[in-house]
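> Assemble the whole structure, with the sequences as input and the hints as a guide.
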Amino acid sequence: MEIKDFTIGYLKNEYKKRNISPKEVLDFVFNRIRLYNSKINSFITLTEEYAYKSVESLKFEEVDSKPLWGIPVAIKDNMCFKGFKTTCSSKILENFVPIYTATAVQRLIDAGAIIIGKTNLDEFAMGSSTENSAFFTTSNPWDVERVPGGSSGGSAAAVAARLVPLATGSDTGGSIRQPASFCGVVGFKPTYGTVSRYGLVAFASSLDQIGPFATKVKDAEVAFSVMSGKDDMDSTSHPYEFSHVDKNIKEYRIGIIKELYETKGFDPEVLDSLNDVIGLLKAEGVKVDFCSLPHLEYSLPVYYLVATSEASSNLARFDGIRYGLRVEGKDVIETFSKTRGQGFGSEVKRRIMLGTYALSSGYYDAYYLKASKVRTLIVKDFERAFKEFDCLLCPTSPTTAFKKGDKTNDPLSMYLSDIATIPVNLAGLPGISIPSGLDNKGLPIGLQIIGRPFEDNEVLNFANQLESIINFEAQPQLGGI
Amino acid sequence: MSKTNVVIGLEIHAQLKTETKMFCGCRTSFGDKPNTNVCPVCLGLPGSLPVANKKAIIFTIMSGLALNCEISRYSKFDRKQYFYPDMPKNYQISQYDLPFCRNGYLEFLCDGELRKVRIHRIHLEEDTGKLVHTGDIMESDQSMVDYNRAGTPLMEIVTEPDISSPKEAKAFMSELRDVLRYLGVSDGNMEEGSMRCDANISLKNPDGTFGTKVEIKNMNSLRSLERALEFEIIRQSEILDSGGIVIQETRHFDERDGTTHSLRTKEEAHDYRYFPDPDLLPFVVSDEEIRNISNNIPELPLKRYFRFVNKFGINKNDASVLVSDLKMANFFDDCVKCNCSPKEAVKWILGDLTYFWNEKKLEPDSKVFEPSYLKELLDLIDSNLISIRQAKEVVEKVFEMHESPKKITEKLGIKQISDEGFLIDAAKKVIENNPKAVQDFFKGKKNAVGFLVGQLMKETKGKASPEISNKIINDILNDLKGRES
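Sequence lines, in order, name chains A and B. Final position of the first sequence in the numbering used here is 481; the numbers increase by one with none missing. Final position of the second sequence in the numbering used here is 485; the numbers increase by one with none missing.
Check the hints yourself; a few may be wrong.
Here are the simulated SDA-like cross-link-like pairs (lysine to any residue), alpha carbons at most 20 Å apart as the crow flies [claimed, not checked]:
| # | chain 1 | residue 1 | chain 2 | residue 2 |
| --- | --- | --- | --- | --- |
| 1 | B | Lys217 | B | Gly244 |
| 2 | A | Lys82 | B | Cys39 |
| 3 | B | Lys130 | A | Thr335 |
| 4 | A | Lys349 | B | Tyr82 |
Hints were generated in silico from the structure; no laboratory data involved.
What follows is the structure, encoded as structure tokens:
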């Protein structure tokens, strides 16, 4: 058996021809994990026994009808998978085993996917490097001294290292797209409401969205088509039905976001790569022009008020009473504070305190309410831009992967890593990061494509064609596939 | 301290009678084994999300319409945040600045006078779980939590401070309870906790301004509400009369000795950090939905009371007893629809029927005794086929045999004897056999007639028509007396 490619299309084709079996692919996957995971540290939990059992129950007749038949998938460890630990990379949930499965995960399973493990993240998805994981930091497969980005760093690194062809992430301010960019893979954050959040441990409910990591846009599209759609368990889920579009790239009017192009803080090499893409698009006859989103500069402060406010409330339930870590105190109040004091890491505590403060009596109007209003202005900026343009382009992150420890003592510079992805969450839009090249250190650069709400199919179609034009084939030097 | 100096406002929590909880599909039943009616949502497990119960929202809007409120066309749910072990998420989903209903009022009778208390707002929220203490609450070193109640829909009704006496508070609560029961939205049972009430009470200052308000909790019956307020008026008056200052605080009513004691002062109050719940979408109510809900509102108790009194001439006491029990009032209306005389119907309903409903633990709508049966019974009496005494016997038999009064009289041969010829013969015999009674009658002893009628009834095994028997005995005796003289 030989696996030449790690895409859904290739694997399914080989399955259909009976050239390889899902069990053989599992052998391959777990073998690679044994070889390379000690360097990468993508996984918190491996579900090997479960995976082999699920493979046995696959029916060959369903290879065509089930889009993910026999495809190994890794799940970010903040999505519930019944019977397996869901830690959120936090001590407070270190031994927490959920009694139900998240809707998105269940839909993957129903489509034939084989869950092979749960991946590392920044604690409760708060961070941009996985350095906030209570357990360990994941390494970037392109340079193990560097971070994979975050918070879904474990998933991004696993796909980049070809440990698994497909993985899930959650994206609140860039947690799928930024690590995809750092790891040279495709990461898609769908429109808010298209994928059910039921079973995703909430960080900031109005921003959180589940999406896929893959090596190719097409695979991200397949995973999205499986996971998306109305779920009665999530009131914010939209009656969305995915349909593939086939529209020539020439028909798209492309806007380059001025505020994320002319700003200081973006690596020249990152901007060069964007310029290269602009050149390629123009050569294809695509109309490219600059657009302006004047309120974009407020994205970061708005985000760190809205997201922390919601987080302070969402994380209140971790108190040691019903599940998770419990550190006994002399009374219930002391049990609360000891449990939370020892259970949460410093970034989580920082955000809980920020959010608690922003919602406090006397401060609510000045912080949370004001932030909500500015959020609306940012939404309106995008609406205006989308009257002229079909998709907007910008770098996914101002830099390529940074070294471990570089930003751990400087939260503000860490927060800046998400400056280009955060506005997309604030407006609930679909955004995808695809690799656009390598910098002079050989690290991948990501390009972000943003679309209109619920036009996820347009974003994916455009990204798919641009992906072929860019033709990024590089892989990290671990022993490529 | 004169009555008009008392200012009372109430906050009422009513559990809504929905099949399922406010934000999940768990059953809302009580008395089940602890932590059996729970799921990831009402346990607040990581990743779970709330989905609002439409029925509970309809019930709230219906209550608002019945209480003459404005209905918000746009509402939302907010999170009210504080840490407590009976609250699975450490926040309660409630409503802050956009409640479903606002600015209403409720009219009710207090001492026969019509009163009106304005409703400030009505909002919807989820109930908490319950702490269960092992042994004494003060000494127990551990508590257990039962989350069966967590997530039960709870409607909070807040009045304006329009109530001016404990008696009025009680009358208001009683009327409100009846309204909620009429709507079918709540059991309104204070003793079982499906309706709870907190009271804010202050005494006006000599210059007419409002004094410091005190909140009282833990009143588990209408009577407790009245007692707690009465105690509080005395307590606050004594403080003010002796030159002291009433402090703003929450006090706990003690059922056992009828006193209140301090629970917490204002300084210890929470900052609830309300903010819109991002897991739930804002709720838009259309005019059409409001019309539909409005069309399902039945005639409310006070209107019904006035109808019973004014249209049917029912006395006020009977009318209020009837109206306070929805099923009994419905039974009465059905009897009137079956052409029963309203006054006769009330007599039977509040008398024998209530007795047997209670004895057999049945509700008036249990169909054991149908409204049409009452019409049959009254007809049998009116046409002299049975006596009142026999009618009472028939009612008892209906509850035993589950058959109509007509069938029962036929089967058991319950019939009064109205045949005058037969009764005259029997009466003559009775008079012959009781010469002493006849002599008594001649001597002017009027009760001799009663005795002889009684003998005649005995002779006929109670079947003789009392009216006719009475007339015949009188006629014969008077005839004898005439001959004698």
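> A separate judgement is required for each hint: does it hold in the structure or not?
Verification of the supplied hints:
1. Lys217/B with Gly244/B: With Cα atoms ~23 Å apart, lysine 217/B and glycine 244/B exceed 20 Å; violated.
2. Lys82/A with Cys39/B: 14 Å, holds
3. Lys130/B with Thr335/A: Distance of about 19 Å is within 20 Å: holds.
4. Lys349/A with Tyr82/B: 17 Å, holds
Violated hint: 1 only; the structure is consistent with all others.
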